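*Asks:* The residues making up each chain are set out below.
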Amino acid sequence: MIFRKRVELFLRTVIGRAYPRLIGLQRERSWLIFDTLLPLLQMSAFVFVYRAMQAPPEYTGFVVLGGAMTAYWLNVLWSMATQLHWEKENGNLALFIMAPTSRMAILLGMALGGIVATSFRAAAVVLVGIFIFGAHFSAERIPELIGIFLLTLIALYGMGMLFSSLFLLYGREAWHMSLLLQEPIYLLSGFYFPVRSLGYWTAMGASIVPITLGLDAMRQLLFPRMMQQIKFLDVRIELLVLAVLGLVFLFLAQRSLSYMERLACQEGRLTVRGQ
Amino acid sequence: MATNQRAVENLRSLRMAAWLGWQIESNWTDPFLFAIYSVIKPIAGALILVFMYMVVAKGGLSNPLFPMIFVGNAFYIYVAMVLMGVSFAVVDDRERYGMLKYMYTAPLNIYFYLLGRGGAKTLIATVSVLITLAFGALLFNLPIDIASIDWLLLVTGLVLGLLSLAFLGIFLGGVALITARHGQFTGEAVAGALYMLCGAVFPIDVLPGLLQAISYILPLTYWIETMRRALLGSGSSQILSQLSNLELVGVLGAFSVGVVILSVLFFRWAEHRAKEKGLIDMQTNY
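Residue numbers (the numbering used here), protein chains in the order written: chain A, 1 to 275; chain B, 1 to 286.
One chain only, chain A, in its complex shape (with noise of 0.2 Å):
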């Protein structure tokens, strides 16, 4: 196939994957409010932990910008690293596979399309910080605030991308898998404190995760004074290491998913159900 071909292909895959995600929000839109109603719920009972306690009202914010990202964090989990399982139970895992397209592609549209959708979601938990339990934040630095950010989901989703190649060998596991990894991880990425008050080389190895350094980043630009005791790592190291590694994410989940998926081949469990 010319490269021009396979480009669009490539493209055509992408979007085919993404509309899915998209045109779900339209078709079920009770699950819009459940998915923005859960991540507030916890977020507003920690706003209220911290109220309880007396802390300073900066810790609003904190838990408000940790909320948010609970939403791409649990997107991360249900939609993308357990997805080819799902797919797996519901049969469509075959067809993906037989489809003459990258399957690099396929994933690529299951996280754009998870990245808008859920995108409506962490703003709907901002909207509330703000304007229900008055959460303030710090505009001077924005076009470093957005560079962070959209750095932070590039590898967040490349680290997606690859969980859903290495749970394609997951029976029920994958769901418990994905269970596991919530609590544990919003603890040691600092989802609603400052991951430093972990300790230096708890944070450093809780870095894999890239929310850890993309929170602690964001919170330095948005709460300045407040983070300049706390703060982990000064953010231009932060910015590097979450450009690292979402390329060497992205590179895992390539050589992962075409080894899975050639294991998976091998042992027949492409198609198995009901594991």
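I should point out that these hints are in silico values taken from the structure, not numbers from a laboratory. Mixed in with the good hints there might be a few duds.
[Said to hold, decoys possible] To give an idea of the interface, some chain B residues facing chain A are shown, with a C-beta separation under 8 Å as derived from the structure:
| no. | residue |
| --- | --- |
| 1 | 51 |
| 2 | 188 |
| 3 | 206 |
| 4 | 210 |
[Stated by the list, open to error] Computed spacing ranges between beta-carbons, pair by pair:
| no. | chain 1 | residue 1 | chain 2 | residue 2 | range |
| --- | --- | --- | --- | --- | --- |
| 5 | A | 27 | B | 98 | 50 to 60 Å |
| 6 | B | 273 | A | 5 | 50 to 60 Å |
| 7 | B | 39 | A | 262 | 31 to 41 Å |
| 8 | A | 201 | B | 146 | 34 to 44 Å |
| 9 | B | 143 | A | 243 | 45 to 55 Å |
| 10 | B | 11 | A | 57 | 50 to 60 Å |
| 11 | A | 57 | B | 33 | 38 to 48 Å |
| 12 | B | 4 | A | 132 | 55 to 65 Å |
| 13 | B | 62 | A | 228 | 24 to 34 Å |
[Said to hold, decoys possible] Which bits of chain A does chain B cover? Going by a derived footprint, with three or more residues having C-beta under 8 Å, they are:
| no. | segment |
| --- | --- |
| 14 | 5-11 |
| 15 | 45-51 |
| 16 | 178-184 |
In this text, all values refer to a predicted model and were calculated from it rather than measured experimentally. C-beta atoms are modelled at their ideal positions from N, C-alpha and C, and glycine is treated no differently.
Starting from the known structure of chain A, arrange chain B on it as the hints suggest.
*Replies:* The following block gives chain B in isolation, referenced to the frame of chain A:
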């Protein structure tokens, strides 16, 4: 059917469902990994609050609010597990295993079956709560003294609280019976709302007026307060402190009975509607 025979059948339904639930919950991996999985999640949940507290308190854990938060959070583990354990059995059996219609044709009591399915998760939750409390007592010096625990209050409160939760699960099971794609989300949403409204991790006194009013009509508000008083000797809320232990248990008992009656009535209605509309063996691919 004779009462005796019915009781035997109900107990058999409960026992078999509990065993089935245990198998589903635990046989996806080896026992060692399952044990780690069961311990890590609740401890991570507790540590989030510990670190939130330490960040604000600059490392100190001496404020009396800390044990209140820790104990409330530990017992909240039951909420999500029992609630989801009972209600999600409907979604799981109908959508995933395609077995719900067979349950309705089998000689069993569906209430006892659903409660039994929740039983396995209740057992796992009990282990998680004990581990979390032990973890708190050993590492963070929670003032829990075995000798000064009010055991009667603890056991009475625990039984009433679990009864409320299990039947709230039955209520949500009824919702799952007549809805297509929301069975899982309703359970999570209700558990999330209860986390905020029943003051599991903060005194309900800090809630705004309307939310505070809602928290007064939730049995779990009184349950969490009872658990705190039984273990720590005092509760977290200024408002609820006006109630004596006996009054607190009385209110909890009254609300629990209300939840049981309401849930059974609603489930019966939902079950009838599901049968009328042919929803018992519905497959929606979710």
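*Asks:* Now, for every hint given, state plainly whether the structure supports it.
*Replies:* Results for each hint:
1. Evaluation of the residue 51 (chain B) hint against chain A yields a held restraint, the C-beta minimum of about 5 Å falling below 8 Å.
2. For residue 188 (chain B), the suggested interface contact is upheld, since its CB lies about 6 Å from the closest CB of chain A, less than 8 Å.
3. For residue 206 (chain B), the shortest C-beta to C-beta distance to chain A is roughly 5 Å, which falls under 8 Å, so the interface hint holds.
4. Because the smallest distance between the Cβ of residue 210 (chain B) and any Cβ of chain A comes to about 12 Å, over 8 Å, the interface hint for this residue is violated.
5. Here the CB-CB span from residue 27 (chain A) to residue 98 (chain B) is close to 24 Å, at odds with the stated 50 to 60 Å.
6. For the pair residue 273 (chain B) and residue 5 (chain A), the supplied restraint of 50 to 60 Å holds, since their beta-carbon distance comes to about 54 Å.
7. Range check, residue 39 (chain B) to residue 262 (chain A): Cβ separation about 35 Å, and the 31 to 41 Å hint holds.
8. Between residue 201 (chain A) and residue 146 (chain B) the Cβ separation comes to about 36 Å, which falls inside the hinted range of 34 to 44 Å.
9. For residue 143 (chain B) paired with residue 243 (chain A), a C-beta distance near 48 Å keeps the hint of 45 to 55 Å intact.
10. The given range of 50 to 60 Å is respected by residue 11 (chain B) and residue 57 (chain A), whose C-beta atoms sit roughly 55 Å from each other.
11. Between residue 57 (chain A) and residue 33 (chain B) the beta carbons are some 43 Å apart, a value that agrees with the proposed interval 38 to 48 Å.
12. Remark: the range hint 55 to 65 Å for residue 4 (chain B) to residue 132 (chain A) is upheld by a beta-carbon distance near 57 Å.
13. Taking 24 to 34 Å as the suggested C-beta distance range, the pair residue 62 (chain B) and residue 228 (chain A) conforms, at roughly 27 Å.
14. Against chain B, the segment 5-11 of chain A contributes 0 residues with a C-beta closer than 8 Å to a partner C-beta. That does not satisfy the three-residue criterion, and the hint is violated.
15. Evaluation of the coverage hint for the segment 45-51 of chain A: fulfilled, as 6 residues show C-beta separations to chain B shorter than 8 Å, against a requirement of three.
16. Only residues whose beta carbon comes within less than 8 Å of a beta carbon in chain B count, and the segment 178-184 of chain A has 5; three or more means the coverage holds.
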